[in-house]
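*Asks:* Chains as they are written, first to last, in my numbering: chain P, 153 to 469; chain V, 153 to 469.
It cannot be assumed that every hint is accurate.
Listed next, the stretches of chain V that the computed footprint assigns to chain P, with coverage defined by at least 3 CB atoms under 8 Å from CB atoms of chain P [said to hold, decoys possible]:
1. 307-314
2. 386-393
3. 455-468
The set of hints was computed from the structure by calculation and includes no laboratory data.
The structure presented is a predicted model; accordingly, all values stated were derived computationally and were not measured.
Idealized CB from N, CA, C, for every residue including glycine.
Protein chains: 2
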Amino acid sequence: MAEAVRLGEAARGLTAPNPNVGCVIVAADGTIVGRGATAPGGRPHAEAVALAAAGAATRGATLYTTLEPCAHASPRGPTCAGLIPAAGIARVVAAIEDPDPRTAGRGFDRLRAQGVEVTVGEGEGAARASMAGYLTRLALSRPRVTLKLALSIDGKIALPSGESKWITGEDARAHVHLERAHSDMILVGRGTYEADTPRLDVRLPGLEERSPRRALLSRTLGPVAGWEVLEKPSDIARLHDVNDLLVEGGAATATAFLAEDLVDRILIYRAPLLIGEGKSSFGYIGLDAIADAHGRWRAQGGAGLGVDRLEVYERAR
Amino acid sequence: MAEAVRLGEAARGLTAPNPNVGCVIVAADGTIVGRGATAPGGRPHAEAVALAAAGAATRGATLYTTLEPCAHASPRGPTCAGLIPAAGIARVVAAIEDPDPRTAGRGFDRLRAQGVEVTVGEGEGAARASMAGYLTRLALSRPRVTLKLALSIDGKIALPSGESKWITGEDARAHVHLERAHSDMILVGRGTYEADTPRLDVRLPGLEERSPRRALLSRTLGPVAGWEVLEKPSDIARLHDVNDLLVEGGAATATAFLAEDLVDRILIYRAPLLIGEGKSSFGYIGLDAIADAHGRWRAQGGAGLGVDRLEVYERAR
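Extracted from the complex, chain P is given alone in its bound form (with noise of 0.2 Å):
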C-alpha cells in the first residue's frame, strides 16, 4: 500500500476533478505485476492502468488501491469494480471509501457480490493525505487550499521597502515549486501580480510540463490573459475542476482567505534570520482574544531544507 500510496502522491496536480489515485497489483507469489497511477486528466483511473500493466498475471492476484475502486459507468470508460472481477483479481485491500456519492460504499458492493474477497482501511492515514484536494473537495464543495509563506524568525514578508528577495534559500524555492508541480492551480494578489508579474511555473528538471494554472484574486482588473480572475475568495467554490489550490500571496490576499476560513494547510518556509520592521504576514483576520486564537492548527511536524525550515500546519476542523 505505501508503494501505492506513492504512486498516487506522484500523480497529485494532474488528475482533477479525479482523485489521485495510486494502484499495486501482487501475485500470489508476492511479486508485483502491476503497478498504476489515475493518468493526466483524470482518465484511465490507476486500477484500470495497474491491470491492463499486470496483463495475464492478474489472476488470483491481490489489488491494492489508496481509493474504492469507483463503480458508476462513464462515458470515457467501464467501471473499476466491473474490471476487476473480469481479471480474475481474486482481493481488493483498499485505503478508504470513495466518499463519490456515484461510488461510496457501491465499489466495494460490487466487487463482494462477484466474489473478490475486499478489506479497506489499510494506509489510511497516508491516503487520505495525498487525497486532501479530492477529499476537501467533496467535503466542502471547493478545493482545498494551502497556504504558502516564506517567512524570518519574527514573521515579516519582506522589509518596509517591500525587498522579500530572497528570504528563503535555494533548498526552499526548490521546495515550493515541487508543491506547485503537485497543485491544479495556484493564486496570487494583485500587488503581488503587478510588481511581480510572477510567473508561478514549475523550474525543476524534468518537472517544467507541471506548471499549473494561475488565478488572480482582484476585484477590478478585468480578463487577464493566461490567468483567471476570482474576485473574492468564496469564488473558489466555482472551481469544479481543481483539487488543490496554492495560494502564494500576497499578505492581503493571504488575510483575505484567513479571514474567511478559507485555508485548510499553511506551509511556512522558516528562515534562520530577523526582520524587525517590516511587511507582516497578515492584517486582520478576525481574531479579537487569543483564547479564539487556540485549537484552530495543528502543526504537522516540519523539515529542514537548507538552512531553512518547513513547517506545516492543518486547519482542525
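Assemble chain V onto chain P, guided by the hints.
*Replies:* Leaving out everything else, chain V in the frame of chain P:
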C-alpha cells in the same frame, strides 16, 4: 564526561561570576567514586567537591572535568591544580582550557609538572554550550544574553489590545521557568514592568529558591526596590557577576538589545496559532537589506513542548 557536563549544567545560574563546572572521578576499576559541581556562589570548585566526595578513592583515579583546573590561588580556597596531584589523581581529562588569564593553560602545566597525565578536548562542544555564559563574559566582557519570546506562527507577541496571555501553553511556560532557574539575572523593559509587574520568579517544584536577580531597562525610572536598573543595553558590561542574562521583553527592550547586537541566543516558544493584526516581535533593528540579515543566526534545533515548539537560534560570530 557526559555526566560531568550534566552536573555542571545543573549548577548553571548559581555560580557566577565563576564558571558552572562539573567533575566526575572514576577509579581504575571504572567505578565512579566522586561527583561534584561548582557550589552556589562559585566556591568550592567542582574538582574540590568531587575530591572530597571520593576521599581515599582518589589514588590512581581519573578525574573528568568540564574546565581546566584553576592555577590561581584565592583567599577562598587552594588551587585545584594543587589539590589534584596531592590527592593522588593519575590522570585528568578536561573538556576545555580555562580562558581566565590567571589559568589559561597554567593549570594543565602544573598538573603535568607534578606527574599527572592530562588529556584535553573530550566533550568540548557540550562543555562550551553549558558554560557559554562564563565563556561569553570572558570573551566579550559582558554576560551572555538570551532573548526569550513567545510568538505565534506569524511572529506576533500580542493582539493590538496588548493581550498576550496566553499565546503558549503550560509546557512552554514551564520551560521558561527552567531557563530562568539557569540564569543569573532576568531583565524586562519598563513597559512590561508597568503593565505586568512581573514576578519573574521560578515556579517549578524544587526550584523556587533559584529565582534570579531582576533587572529593569529604563532611562527614566529611578531606583526600584528589588530591581537593578540599567539605563541602556550596553550597561550590561557593568554586570561583572552575571554569566547568563535572560531578556524577557517586551518588544522595545528586545529591539534595543538586537539593534546593538547584544543578543547571543534566541529562544522562540512558537505556538501553532495565527494572530494577524497585532504587536510585532521587534521594531527597527538596523536592517536595511535582506542580504545583510543572512548568516547572523544559526538554528540550533528545537523541541516539542506540548502543542508548542521551542526554536533555538545562536548568533554566529
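*Asks:* So, for every hint listed, does it hold in this structure?
*Replies:* Structure-based check of all given hints:
1. 307-314: With 3 residues in contact (Cβ-Cβ under 8 Å with chain P), the coverage given for the stretch 307-314 of chain V holds.
2. 386-393: violated (count 0)
3. 455-468: It holds: at least three residues are needed, and the stretch 455-468 of chain V offers 4 whose Cβ sits within less than 8 Å of chain P.
When each numbered hint is compared with the structure, a violation occurs for hint 2 only.
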